[in-house]
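Residue numbers (the working numbering), protein chains in the order written: chain A, 1 to 151; chain B, 1 to 302.
Derived by calculation from the structure, the hints in this document are not laboratory data.
Any given hint might turn out to be false.
Output of the computed footprint for chain A on chain B, the stretches with three or more beta carbons under 8 Å from beta carbons of chain A [said to hold, decoys possible]:
#1 83 to 90
#2 97 to 107
#3 122 to 135
All of these numbers come straight from a predicted model, not from anything done at the bench.
A virtual CB, placed ideally from N, CA and C, is assigned to each residue, including glycine.
The lines below spell out each chain.
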Amino acid sequence: MEKKLKVAALRDGTVIDHIPSDKLFKVVQILHLDTCDNQITLANNLESKKIGSKGLVKIADRALEEDETNKIALIAPNAKINIIKDFEVVEKRPLILPEEIREIVQCGNPNCITNHQPVTTRFKVMKNEEELMLKCIYCEREVKRDQAKIR
Amino acid sequence: MSKNSLVSISDYSKEEILSILDSAANFEANPNRKTLDGKVIATLFFEPSTRTRLSFETAVIRLGGSIIGFSDAATSSSSKGETLNDTIHMVSCYADAIVMRHPLEGAARYASEVSPVPIINAGDGANQHPSQTLLDMYSILKTQGTLENLNICLVGDLKYGRTVHSLIMAMSYFNPTFKFIAPEELKMPDEYKIFCKKNGIKYTEETELTGNFNDADILYMTRVQRERFQDLMEYERVKNVYTLKKEMLENSKPNLRILHPLPRVTEIDPNVDTSEKAYYFQQAQNGLYIRQAIVSKVLNQQ
Ligand SMILES: [Zn+2]
């Protein structure tokens, strides 16, 4: 009941649910919500049957674009995105990890040009024996997806 | 951004590699031409590498082109804090192509993104050095008459040695069989073994250099550097074990050739130099023809 009310309280906007608790503020950071003027509700450490403890973000009057929500796919691949209009869920959006990830990941190679010059980082998403890897398109080093450093 | 840049060996398809090797053979037959008449090539060496720089500059001059640039970052504007982006834009006002060596990995890819003229990567940190790879392949082709189905033995520092990594990638088109011979500390990293598996390339691994390359067509030696070892005792041991001596060649195949990217330290005994199987000095000279071919391709002047 409680959860339903929270979602229903949003007339228009975006709800991001099922964010692992330790990733909530990373999501805030990646979506640049700190500089967003819309009404934003954050909740964290909510009980979740699926993942134990979860976070939730509600952004009023703004439907996030797909390339924005897909940025979350890297750190919270199982998050649920709902776009709300007039209190109704009008879109349940699947998260798709983009082929290339820009800006949000920092290259782990201290000798990489991106760590020394004002260069926007770019990583190619690759599969190596069933494991998702990110490959820096500059220094060509690979890192496992779950070991990628988020800026 | 220029599409003609050569940053990484993986930028070239099998056909492009073969066409570069073909073109290098033409330059070897006739190295002095005036196809780059009126062209200006910049050589920007943010870290010194006399060998590579002289090779590129000679390649350009023999084709009638001119050279501008610097051979050491200390004399360049980057030492005053100029960004690489700004240096590249400034130089591209004057030059038709830029040959660049930089101590940071990824510098060449970044330069190729911001540069209006083609970039030729002459080494970016420990990452790529495609002209070295192409001259290695040219040397293999010249000495074996083919690139197909060869037994290639890679020896020494297989962990940090970028030349061997690039060689594996580039040779993957030609059904090679590799033997990796390296001390435990300097073993071939997993990602290259995974690459081999993915591409159906056969390989074996050994940790000692003895006469264990009797079925090899190519013995590719690399430098074992002291600074790669945490334990200096271990370095001393490895250094002695990883020295190729003439006696070890006794039962090797007649067509075996020994390659080394140079400079060498102790990994090839000087008594090997007189063997007809030693090819590392000619290999270095092949670099000139390969670089003539690369510069010509990049400037569409083939
Ligand atoms: Zn990098």
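Hint by hint, here is what the structure shows:
| no. | hint | verdict |
| --- | --- | --- |
| 1 | 83 to 90 | holds (count 3) |
| 2 | 97 to 107 | holds (count 6) |
| 3 | 122 to 135 | holds (count 5) |
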